[in-house]
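K.L.:
These are the residues of each chain, in order.
There are 2 protein chains.
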Amino acid sequence: MEDINEYIPECWYNMQADLPDYKCQFINPFTMKEAGKNDLKMIFPEPLIEQEISKERFIKIPSEVLDLYRMWRPTPLNRADRLEKTLGTPAKIFYKYEGTSPAGSHKLNTAIPQAYFNKISGINTLSTETGAGQWGSALAFACKSLNMQCKVFMVKISFNQKPYRRIFIKLFDGTVISSPSMETEAGREILKNYPDSNGSLGIAISEAVEVAAKDKNINYSLGSVLNHVLLHQTVIGLEAKRQLAELDVYPDEVFACCGGGSNFGGIAFPFIADKLKGQELRAIAVEPAACPTLTKGVYTYDYGDVAKLTPIMKMYTLGHNFIPPAIHAGGLRYHGVSPLLSYLYSQGLMEATSVHQSEVYKAGKLFAETEGIIPAPESAHAIAAVINEAIRCREEKDPKNILFCLSGHGYFDMAFYDNEINGGLKDFEYPEELIKKSLNDLPKV
Amino acid sequence: MEDINEYIPECWYNMQADLPDYKCQFINPFTMKEAGKNDLKMIFPEPLIEQEISKERFIKIPSEVLDLYRMWRPTPLNRADRLEKTLGTPAKIFYKYEGTSPAGSHKLNTAIPQAYFNKISGINTLSTETGAGQWGSALAFACKSLNMQCKVFMVKISFNQKPYRRIFIKLFDGTVISSPSMETEAGREILKNYPDSNGSLGIAISEAVEVAAKDKNINYSLGSVLNHVLLHQTVIGLEAKRQLAELDVYPDEVFACCGGGSNFGGIAFPFIADKLKGQELRAIAVEPAACPTLTKGVYTYDYGDVAKLTPIMKMYTLGHNFIPPAIHAGGLRYHGVSPLLSYLYSQGLMEATSVHQSEVYKAGKLFAETEGIIPAPESAHAIAAVINEAIRCREEKDPKNILFCLSGHGYFDMAFYDNEINGGLKDFEYPEELIKKSLNDLPKV
Chain A
60 MEDINEYIPE
70 CWYNMQADLP
80 DYKCQFINPF
90 TMKEAGKNDL
100 KMIFPEPLIE
110 QEISKERFIK
120 IPSEVLDLYR
130 MWRPTPLNRA
140 DRLEKTLGTP
150 AKIFYKYEGT
160 SPAGSHKLNT
170 AIPQAYFNKI
180 SGINTLSTET
190 GAGQWGSALA
200 FACKSLNMQC
210 KVFMVKISFN
220 QKPYRRIFIK
230 LFDGTVISSP
240 SMETEAGREI
250 LKNYPDSNGS
260 LGIAISEAVE
270 VAAKDKNINY
280 SLGSVLNHVL
290 LHQTVIGLEA
300 KRQLAELDVY
310 PDEVFACCGG
320 GSNFGGIAFP
330 FIADKLKGQE
340 LRAIAVEPAA
350 CPTLTKGVYT
360 YDYGDVAKLT
370 PIMKMYTLGH
380 NFIPPAIHAG
390 GLRYHGVSPL
400 LSYLYSQGLM
410 EATSVHQSEV
420 YKAGKLFAET
430 EGIIPAPESA
440 HAIAAVINEA
450 IRCREEKDPK
460 NILFCLSGHG
470 YFDMAFYDNE
480 INGGLKDFEY
490 PEELIKKSLN
500 DLPKV
Chain B
60 MEDINEYIPE
70 CWYNMQADLP
80 DYKCQFINPF
90 TMKEAGKNDL
100 KMIFPEPLIE
110 QEISKERFIK
120 IPSEVLDLYR
130 MWRPTPLNRA
140 DRLEKTLGTP
150 AKIFYKYEGT
160 SPAGSHKLNT
170 AIPQAYFNKI
180 SGINTLSTET
190 GAGQWGSALA
200 FACKSLNMQC
210 KVFMVKISFN
220 QKPYRRIFIK
230 LFDGTVISSP
240 SMETEAGREI
250 LKNYPDSNGS
260 LGIAISEAVE
270 VAAKDKNINY
280 SLGSVLNHVL
290 LHQTVIGLEA
300 KRQLAELDVY
310 PDEVFACCGG
320 GSNFGGIAFP
330 FIADKLKGQE
340 LRAIAVEPAA
350 CPTLTKGVYT
360 YDYGDVAKLT
370 PIMKMYTLGH
380 NFIPPAIHAG
390 GLRYHGVSPL
400 LSYLYSQGLM
410 EATSVHQSEV
420 YKAGKLFAET
430 EGIIPAPESA
440 HAIAAVINEA
450 IRCREEKDPK
460 NILFCLSGHG
470 YFDMAFYDNE
480 INGGLKDFEY
490 PEELIKKSLN
500 DLPKV
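As they're listed, the protein sequences go chains A and B.
Heads up: the first sequence begins at 60 in our numbering, then just goes up one per residue.
Heads up: the second sequence begins at 60 in our numbering, then just goes up one per residue.
Don't read these hints as lab results, they were simulated from the structure.
All the pointers check out, no bait thrown in.
Since the list can't tell identical chains apart, any single copy or any two copies may satisfy a pair.
Heads up, simulated BS3-like pairs for lysine-lysine below, C-alpha to C-alpha not over 30 Å straight-line:
#1 K275 with K82
#2 K496 with K485
#3 K178 with K424
#4 K178 with K421
#5 K334 with K355
#6 K229 with K144
#7 K144 with K178
#8 K275 with K100
This is chain A alone, in the form it adopts within the complex (with noise of 0.2 Å):
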């Protein structure tokens, strides 16, 4: 029997071949007739392109993918036993910790094969949006292990908060621009209009879909939303499975934080696959409630940036005009959320819930006090939820399994642990005039 200190998926496993109702569809916002696979082939390479569309229930992992995965996985599976016994509860929670990998978080697992795959189509460059930095990041170290150069929009409140996310891409010899920017018309059209926009990830998209569109030797990569993004972020699942029947665990809940949906989907598809065969379990995105896209959005057609310029998706949205309130977690200031994700939401598949910011950030401190890690505050979402769910399972005597993603660690982001510039951390409120506004502004598809 192979060592479990050793397992790492040799596949990644695609949530579409379950789901024979779900129909991956991207609407030309041009035309706005069906893309095919043309379409999308300005922007992506091939490969990619396939794995969006595939119903292959299991996907291998080249080996060049694994050697790298290698460098930081199998991530840890933890019990939070400390924090059990904080709060009390009669639950045991286990959490799969990402933030071990180079760049920081579970963006990595994507990053590499992105950028494997568009290397072997014969890109040398990629362009990329990113919030918190998490993102931008992770795409720079898999640009530089496979020898090729990194464009990132940088959405500007991020740029600005957090300069060791900007001088971790630089060391990794990416560029990095602060989003809206002057370099694409996407960028200026923003600024003329909002010359002091915080940015977002829906423009920062807009800017870096423009440049892979406008130059054929670039091409675009995207952090979440996408089938194949969620598809290799399996690997965490499939890795939390086999380490928890290990320890003859199966979980009855699965939390994590969402924003696009990538890191969700990559701890929960694996779980709720066995849900499609009768396993009972509850699976619960986490999201900001100052951007709450399953909790408060529409399920409909959409585009996924400001700008018009990405594909139309059918999506929870909260339109794509949306700038959420400048919330500490940048990651997840995005007005729509993974399709795939959104299907399975609409079905009844999955829950979602929301947090407010400041719950959040005495769930981390309290997490950091207890298990000794300091979480991003994307992560903390999840956190925080679990903690509740951990009181309620105290009040009621219910001894349940709860498994979450710690997506990312939070050492570059400590300016949302610091107290005396934050003076206590500000909620915002569900923004429902500015959403109610923003979903009149829908495409007609």
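Fit chain B to the known structure of chain A by using the hints.
P.N.:
Showing chain B alone in chain A's frame:
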């Protein structure tokens, strides 16, 4: 047989036991007479004083300390195979990675037992100094874990350059004061003469010791130099030895960076114990060219701090008045070095070398690119020396087994890696005149 992935030593190794001619000696700075246990009781608890002078070979680690060690220990022993490949060296390079600790460095190995032994001695508040912030972070975390208070005097240059460390300490409810400060006589004295002082470890120690000496409810805690500190750090070397044995490897050479000497002693002592019994081994301390204590200092009696408040010890020193240039590796900016280590060096049982910070930067970047871990600037000193040795091995076709201690990660030290801020790192030449001057003020013992 126990699982190597769970193995933590049950005892610390006491190097003094194997050095019958080494004399643990402190001179009272006020009476100039040899200090006894009572002189030390003003600032240290009895169990640590016993450890400081003990000749027992193995000292049992209390189960409460082991429980806390288990939060992150054992730490990984990795083979730097991608670095080896890039260098084209026949040498095998292994590193013990201490950056997985909650405080991000090896410092927590001693912070926890120091806090513990103070607590069981009835002390509830510890004062200390910190250079780069690693020791302050570790002690703050240890105090929080044991429900104690912590007061940290942080060297001014780090206080300003490293806000994330400051936030870290505060997150764990520690108090941080920029040193030199107006809170102590020692601080006020320095500020009177050098109002623009960048601070130094020597000054910050004076402040922290003063606070402890004046309040019987506060003890002082030191992050390096003393015997009991190096004792606690031997968990690193003991674990590494066991992990290497599992791979059938014994190192030919052991490297670690060296400021006060605790990380070096921690990894090297258990191997030097074998050397005393005839094992062939080179143990090499790596220091900054800007603060070359072992390579350019003298072996004599000196104070541990600027204000002449600490006991006088026999050690390699650049003079207690020496204030090193403002290099990024704040943890290595100390005028002296552990007396125990100084003794070993004087006996030819270990070696020392020095490196400039521009080569330290290059080594850190190359390590990050190949091994996926951004090293702390201090730890990157060891890497620079290891790379030089690995290149020698390549040129001389010499397949040595090299072990080094990667004492901490650099995620809080990204300013070191920011070329835009640094504009290429400045190398400080060996500050000959400065050292000469400060060596004129040695105590007459």
